[in-house]
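Participant: Dock chain B against chain A, hints included.
Chain by chain, the residues run as shown.
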Amino acid sequence: MSRGPGLFRVAGAVAKVTFREILGDRILYGVLVLAVLFLGLAILGTQLSFVSPERLIIDFGLAALGISGALLGIFLGSSSLNREFERRTIQVALSHPIGRGQFLFGKFLGVVLALGVNWLLLGLVFTLVAGLFSVGGFGSLFGRLDGAMGAAFFLLWLQSAVLAAVALLFSTYSSTLVSAFVTFGVFLVGSSVTDLGSIASKSESPTLRAVAWTVVRAVPNLEYFNLREKVSYDLALAPGLVPVSMLYALAWMGACLVLASFLVRTKDTP
Amino acid sequence: MAARLEIKEVHQSFATGFWLRPAHILRGVSLEVPEGSVYGFLGANGAGKTTLIHLITGLRKPKSGSLTLDGVEVRSREARSRLGYLPERPYFHEHLTGEGLLQYFGALSNLSGKKLETRITEVLDQVNLRDARRVRLRNFSKGMLQRLGLAQAVLHEPDFLVLDEPMSGLDPLGRKEIRELILRQAELGKTVFFSTHVISDVETLCDRVGLISKGQMVRTGKVAELLSERSGGTEVWLEGSAAPSGADTWTGVDSVRVNPDGVRVLAREGTDLGALVSELRSQGAKLRAVLPVRPSLEDYFGSIGRKEDRS
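As given, the protein sequences belong to chains A and B, one line each in that order. Per the numbering used here, the first sequence starts with residue 1, numbered consecutively. Per the numbering used here, the second sequence starts with residue 1001, numbered consecutively.
Source of the hints: derived by calculation from the structure; they are not laboratory data. We treat Cβ as the ideally placed atom computed from N, Cα and C, and that holds for glycine. Heads up, a few of these hints could be off.
[Unchecked claim] One side of the interface only, derived from the structure: several residues of chain B facing chain A at Cβ under 10 angstroms:
#1 Thr1057
#2 Gly1058
#3 Glu1078
#4 Gly1084
#5 Arg1089
#6 His1095
#7 Leu1096
#8 Tyr1104
#9 Asn1110
#10 Gln1152
#11 His1156
#12 Val1162
[Stated by the list, open to error] Straight-line C-alpha distance at most 25 angstroms; calculated BS3-like pairs for lysine-lysine:
#13 Lys1115(B) - Lys16(A)
#14 Lys1061(B) - Lys267(A)
#15 Lys1063(B) - Lys1008(B)
[Unchecked claim] Distance ranges between label pairs, derived from CB positions:
#16 Asp1171(B) - Phe8(A): 38 to 44 angstroms
#17 Ala255(A) - Glu1073(B): 26 to 32 angstroms
#18 Ser1066(B) - Ser198(A): 56 to 62 angstroms
#19 Gly1017(B) - Ser201(A): 44 to 50 angstroms
Isolated chain B, as found in the complex:
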């Protein structure tokens, strides 16, 4: 699959303090976003997510390195005409109505007349804001502003969407609505690049993921591939409320925990499960289930993050 967005060796720093010492925000970031993918860009607060997004949207110029969208430099007007952007917090002119804001951004995307009016109606329908068409933005809730922000990002039908923390600060219902809107864009064949620090959002939406830490890309790849790099082992569930004596010291057993609904014996990856089960049975344990433990993205990035912190 061809890369829609290509970022190569991007460095960015800002002068800070009285002596204008450079603070390095991005240190040689490289990544590729394939066409038609939903790319989750993960990182803790202050890792450099928003800085990279400002570079992708052409709001800032990198100190060095290159960023191209479909082979065109991202700061060019051609690249920006193919891009839709939702900032972390949609800062809009509060005196405008929902419709007025879309007319404004539509004009900035070279839309006008009947076509613009039709698109405004369509996108307001898509984000369930038809009734708020003539309401001033100062009367919008945060969720409504976020949905309107998404509406303006897709108004000119761009092929590439950049969403900076699109679900931040929303209630569960608002998050669900935004998630569905992103999935709808993916179904339409758009490439979506969105930043977040909420791993469950990435698991739900993304087929590809990149993790940034302290201004450097730590991991990139397909979600399924990353998860297959690690195995969570196997859990053996036993009936009753008493663990076989000394089981936690057996070879291959990681932990034994007594839960209200039974005893959970966690076996490490590569353990001879047949031998373990026989041993448990010989101790009089009643076997209930043997299940593989699926590692979550959270476990994966948690371990990566700890490694990074140590280094």
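The shape of chain A in the complex, shown without the other chains:
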């Protein structure tokens, strides 16, 4: 009795096709240009500010990486599966002996790989720009490129992967546009969990407090992935922060993919 190919063979094949498709997509390069412009703004800022140029460039650079990675994760997560349905390319794929969950996992892997390429390219551009415009040149910048900086970069990639998983989940039962909007909302709320939590705790209305806490707890806390302040002010990282953040990201991605793989079974093929 034939049971069809295993999870990793299917996911590998789908991821490869998805990754290549994204590399040919203009949106990837658009986001890269946006991030480079943001870095240019940081350079302009070094001319107008009394803050140390290295700190400003690191601060702006990490913000650029974070925002562009998040936008790309939201866009790719929302569109990658829906595009298969809209363009009907999924028809022949699903007539093969594979599960819809396997296919979905492959789409997610392809997106995460593409986010990795974006992250690598932006990291390279950031290092070049920061090195060129730091007062002490590359020597001064490399003095700041320690483990904390590496961790900050790595966690931003994880953040974009988590957002892609959330967007993919929403896209199993809504359009690309709706999924992208809702995930962007998740990004805004998830990036301000501490502030929203403190607002909620100070609120006198129990209903408002309950709603705020529910919203805060229903979205991933993206502050786990944001080390910008700590890195730009050279603050020490709490021990175990990176592994905990990684586990937190894996838990969110896993939960979203499991739920999405159930929902995608009910999605009608075109």
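Facilitator: Showing chain B alone in chain A's frame:
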């Protein structure tokens, strides 16, 4: 002959409009496709052909009824591993090359390594696309895409092929190529189920046929049996350019038509031909030929379709 595909009492409907009213697309469809046959699934546009094909390929779930391939539910992976599918329009990833697409679908059929590479070369040869192996699909013509679609459908050597309008939109040469490819699969002992609204394709390729109209199976059976249900009568050809006077009112005569190459007298089924010929001769007509009229599948389904429309 054992039935490879069995469809029993399948109903399918979709919610439409603001009030989500159900639109019934299939209403109790039942049919059997015997092993090794080429089954032509005929129907007008909107009759429910593609919906049934989506159910057979496991892309959708029926509201009720059952579909089995070799006794196994069609949505199971086991059934899908035995099936090759070519959709009406082959929507493929345009950034891939012909070879890349086959590697992708090969992996989804659990093929890999040397075996996959060998099969890719074989099927590209079969569909005459060897030279397009490394060409991106965005540069393929419609005919090339259709042939590549057929190549991916047979890549994993399935026993059962489902082809949705495989010749739609192709030029005569492209149609001929696809027809030959289907016949080759039949020679290899594969069971082929294909939908079309072109009756001549069915006459050329199929040994069995089913007609669907408004979501219901109207007729199924062997092509020869269906045609023997009806007789087209007999045509008597006379020389000259003038019809015997009053011949069109004679008993058993359906019509009399004067053609540039002679006069055609069409006699109904069961007419006493001997008496008719004697009568014609007595009128001075010179007999040239007496031929049985073979009804075409088009005539057959045309009459069925008209009956259905009236009901």
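Participant: Would the stated hint for Asn1110(B) survive a check requiring a Cβ distance to chain A of less than 10 angstroms?
Facilitator: holds, 4 angstroms
Participant: Taking the closest Cβ pair, is Leu1096(B) under 10 angstroms from chain A?
Facilitator: holds, 7 angstroms
Participant: Just to be careful: measuring from the Cβ of Tyr1104(B) to every Cβ in chain A, is the smallest value less than 10 angstroms?
Facilitator: Check passed: Cβ of Tyr1104(B) comes within 5 angstroms of chain A, closer than 10 angstroms.
Participant: Does Lys1115(B) pair with Lys16(A) here, judged by a C-alpha cut-off of 25 angstroms?
Facilitator: holds, 20 angstroms
Participant: Given a cut of 10 angstroms on the nearest C-beta pair, is the interface hint for Gly1058(B) held or broken against chain A?
Facilitator: Because about 7 angstroms separates Gly1058(B) from the closest Cβ in chain A, which is inside the 10 angstroms limit, the hint holds.
Participant: Below or equal to 25 angstroms on CA atoms is what counts here, so check Lys1061(B) against Lys267(A).
Facilitator: holds, 11 angstroms
Participant: Is 26 to 32 angstroms right for how far apart the beta carbons of Ala255(A) and Glu1073(B) are?
Facilitator: holds, 30 angstroms
Participant: Does the Cβ-Cβ separation between Gly1017(B) and Ser201(A) fall within 44 to 50 angstroms?
Facilitator: With Cβ atoms ~48 angstroms apart, the hint holds.
Participant: Does Gly1084(B) pass the interface check with chain A, least Cβ-Cβ distance below 10 angstroms?
Facilitator: Result: holds, 8 angstroms to nearest chain A Cβ.
Participant: Just to be careful: measuring from the Cβ of Val1162(B) to every Cβ in chain A, is the smallest value less than 10 angstroms?
Facilitator: Holds, because the Cβ-Cβ distance from Val1162(B) to chain A comes to roughly 8 angstroms (cut-off 10 angstroms).
Participant: Return holds or violated for the Cβ distance of Asp1171(B) and Phe8(A) against the range 38 to 44 angstroms.
Facilitator: holds, 43 angstroms
Participant: Please check whether Thr1057(B) passes as an interface residue: C-beta within 10 angstroms of a C-beta belonging to chain A.
Facilitator: holds, 4 angstroms
Of the numbered hints stated above, none is contradicted by the structure.
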